[in-house]
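Engineer: Sequence:
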Amino acid sequence: MSFKRCLMPENTLDNLYRHFLESTGICTDTRKLTEGCLFFALKGPNFDANQMAETALDQGAALAVIDSDAVFSASKRQSQLFLVSDVLATLQDLSTLHRQTLNTPILAIGGSNGKTTTKELVLRVLAKKFNTIATQGNLNNHIGVPLSLLQLKEDTEMAVIELGTNQPGDIKELVEICEPDFGLITNIGKEHLEGFGSLEGVAREESELFFYLQKEHGLAFVNLDDPWLEQMAERLDRVISFGTKEEAGVYGKLVQSQPGVKLEMDNGFISESHLPGAFNQYNMLAAWAVGRHFEVADYLIAEAIREYVPGNNRSQWKEASGYQFLLDCYNANPSSMELAIRSITEHEGAKFLILGDMLELGSFAKAEHQAILDLLAELKLKDVILIGPEFKALNAPYPSFEKAEDAASYLSENAPAAGTLILLKGSRGIAVEKAVAHWL
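Each position in the sequence shown, counted from 1, maps to that position plus 31 in the working numbering.
Just so you know, the hints here were simulated from the structure itself, not pulled from any lab data. These figures come from a predicted structure and were not determined experimentally. Treat the hints with care, as some may be off.
Distance condition first, Cα-Cα at most 27 Å in a straight line; then the derived DSSO-like pairs of lysine-lysine [stated by the list, open to error]: (1) K423 with K397; (2) K382 with K293; (3) K203 with K246; (4) K397 with K465; (5) K160 with K293; (6) K184 with K159; (7) K382 with K423; (8) K284 with K382; (9) K465 with K413; (10) K413 with K349; (11) K159 with K284; (12) K349 with K382; (13) K74 with K203; (14) K465 with K423; (15) K411 with K397; (16) K413 with K423; (17) K382 with K465; (18) K184 with K160.
What follows is a list of derived Cβ distance ranges for each label pair [stated by the list, open to error]: (19) L331 with F78: 43 to 49 Å; (20) A101 with N426: 52 to 58 Å; (21) A101 with L331: 54 to 60 Å; (22) D79 with K411: 52 to 58 Å; (23) K411 with G299: 34 to 40 Å; (24) Q287 with E247: 35 to 41 Å; (25) K284 with E247: 32 to 38 Å; (26) L331 with A408: 44 to 50 Å; (27) P76 with G380: 45 to 51 Å.
Think of the CB as a built atom: it goes at the ideal place given N, C-alpha and C, for glycine as much as any other residue.
Could you put the whole structure together from the sequences, leaning on the hints where they help?
Structural biologist: Here it is as structure tokens:
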């Protein structure tokens with residue numbers, strides 16, 4: 032890390048780490064500041080938190096880490112300003128130093144779909160035996176991963192860190208920050224095609240986690256049912272495999288998919304969940320593989336999975352206003368959209384689909400949205416409405432709306448029959464849940 036030593040020669044990473052250990056934690060937002068914290072003045076496309084450094088100190092921050100010469104020169108409290116060349120790089124390096132100092136075992140989770148659900152299941156399984164922390168929410172990027180690492184305490188026995196990506200190089204950067212001992216890739220699917228260009232590009236990006244583990248003699252948990260991951264496993268020395276094939280190290284058979292997945296494990300043990308849809312069996316099997324490796328008792332693994340109730344529009348099952356809702360609209364890509372649509376066909380009763388645009392597809396957008404329409408036709412699904420400009424531009428044989436609020440007006444006059452299962456799926460920017468806000 033390159034500090035501006037000419038202004039503050041004492042500004043070394045070790046010195047900043049001592050300040051961190053004496054602080055109440057890290058803050059990047061003055062609206063959520065706690066007294067005695069270290070304030071990191073991050074920059075974004077529409078903000079520069081260097082301008083908030085004095086405010087942070089006024090509100091009780093012990094120190095503000097900045098990278099603005101002008102702010103430093105103008106301040107009368109220079110002793111409380113830690114001037115560096117790059118605040119974000121400093122945050123990342125500080126988190127890596129903290130991770131190396133504590134040497135806590137870290138399991139990193141990547142993949143195109145199901146990362147957060149798998150993380151939540153793995154966290155709960157490991158917590159049955161170890162003092163475990165995990166990424167909060169979806170803080171899985173170049174800022175979120177360092178913030179997660181800085182939550183490690185001396186008594187933390189395990190950490191589960193989620194790795195997100197939307198452009199080439201992200202995973203490589205994140206694994207170099209968190210230095211995982213174990214890794215798990217949920218699957219390879221059509222995520223962020225605007226950035227990766229193809230499914231092969233996605234696979235190359237996600238494989239950086241396994242490449243790092245191979246280089247550092249780490250252990251990979253591999254879903255053998257995913258052909259991309261099965262191929263990657265052939266180049267790894269240390270592997271725990273899972274899936275529905277009997278040759279997997281940990282395998283299970285799908286017994287039930289709705290309203291929650293139920294599995295019969297390889298030893299006959301029954302594992303139940305609140306996760307709807309057959310695709311969630313792989314999130315459960317991943318948690319089983321991790322639990323088995325760390326010698327968590329089978330009954331505790333099953334208990335941890337059964338106790339998890341999804342929320343925040345991620346495989347969330349809800350009953351309201353005489354309907355059943357499957358809220359899976361936190362995000363969407365072509366792969367997860369197909370899985371969600373196919374999963375609702377497993378439901379024997381009446382079903383209604385509210386689908387929103389899939390964002391960040393770039394030049395692939397038209398073809399991938401048309402592929403979803405083709406899938407709906409193939410499955411003979413007729414009770415569907417579409418939301419977003421991409422779907423609307425295709426002139427589909429379904430009611431189509433630019434915005435979710437417009438769909439809400441339509442649904443208020445064209446409500447499905449009572450008892451219908453309603454699937455909501457789309458990218459976060461479309462906010463398809465607003466179409467049924469009057470029922471929720």
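Engineer: A separate judgement is required for each hint: does it hold in the structure or not?
Structural biologist: Structure-based check of each hint:
1. Under the criterion of a C-alpha separation no larger than 27 Å, the hint pairing K423 with K397 is consistent with the structure, at around 11 Å.
2. Of the supplied pair hints, the one linking K382 and K293 holds, its CA atoms being roughly 21 Å apart against a limit of 27 Å.
3. A C-alpha spacing of about 12 Å is found between K203 and K246, which places the hinted pair at or below 27 Å, so the restraint holds.
4. Between K397 and K465 the alpha-carbon distance is near 24 Å, which keeps this suggested pair within the 27 Å criterion.
5. For the given pair, K160 sits about 23 Å from K293 by alpha-carbon distance, which is consistent with the 27 Å threshold.
6. Distance check on the hinted pair: K184 and K159 sit about 18 Å apart at the alpha-carbon level, within 27 Å; holds.
7. Distance restraint check for K382 and K423: the Cα-Cα separation of roughly 22 Å lies within the 27 Å cut-off, and the hinted pair is therefore satisfied.
8. Pair hint K284 plus K382 holds up; C-alpha atoms about 26 Å apart against a cutoff of 27 Å.
9. Simply put, K465 and K413 have alpha-carbon atoms about 21 Å apart, close enough for the 27 Å limit, and the pair holds.
10. Note on K413 and K349: the hinted pairing holds, with a Cα-Cα distance of about 23 Å set against a maximum of 27 Å.
11. A threshold of 27 Å between alpha carbons decides the hint, and for K159 with K284 the separation of about 24 Å falls inside it, so the pair holds.
12. Between K349 and K382, the direct Cα distance comes to roughly 14 Å. Compliance with the 27 Å bound is thereby established for this hinted pair.
13. Taking the CA atoms of K74 and K203, the gap is about 22 Å. The hint holds against a cut of 27 Å.
14. Between K465 and K423 the CA atoms are separated by roughly 17 Å; this keeps the pair inside 27 Å, and the hint holds.
15. About 21 Å separates the Cα atoms of K411 and K397, which keeps this hinted pair within 27 Å; it holds.
16. Straight-line distance between C-alpha atoms of K413 and K423 comes to about 16 Å, which keeps the hinted pair within the 27 Å bound.
17. Distance restraint check for K382 and K465: the Cα-Cα separation of roughly 19 Å lies within the 27 Å cut-off, and the hinted pair is therefore satisfied.
18. A distance of roughly 17 Å separates the Cα atoms of K184 and K160; the hinted pair therefore holds under the 27 Å criterion.
19. For L331 and F78, the Cβ-Cβ distance of about 45 Å falls inside the hinted range of 43 to 49 Å, so the restraint holds.
20. At roughly 54 Å, the beta-carbon separation of A101 and N426 lies within the given 52 to 58 Å, and the hint holds.
21. Checked against the hint of 54 to 60 Å, the pair A101 and L331 passes, with Cβ atoms roughly 56 Å apart.
22. Under the hint 52 to 58 Å, the C-beta atoms of D79 and K411, about 54 Å apart, fit the expected range.
23. Between K411 and G299 the C-beta distance comes to about 37 Å, which sits within the given range of 34 to 40 Å.
24. Distance hint for Q287 and E247: a CB-CB separation of about 40 Å, consistent with the stated range 35 to 41 Å.
25. Hint check: K284 to E247, Cβ distance near 34 Å, so the stated range 32 to 38 Å holds.
26. Evaluation of the 44 to 50 Å hint for L331 and A408 yields a pass: the beta carbon distance comes to about 45 Å.
27. At roughly 46 Å, the beta-carbon separation of P76 and G380 lies within the given 45 to 51 Å, and the hint holds.
In the structure shown, no violation is registered for any of the earlier numbered hints.
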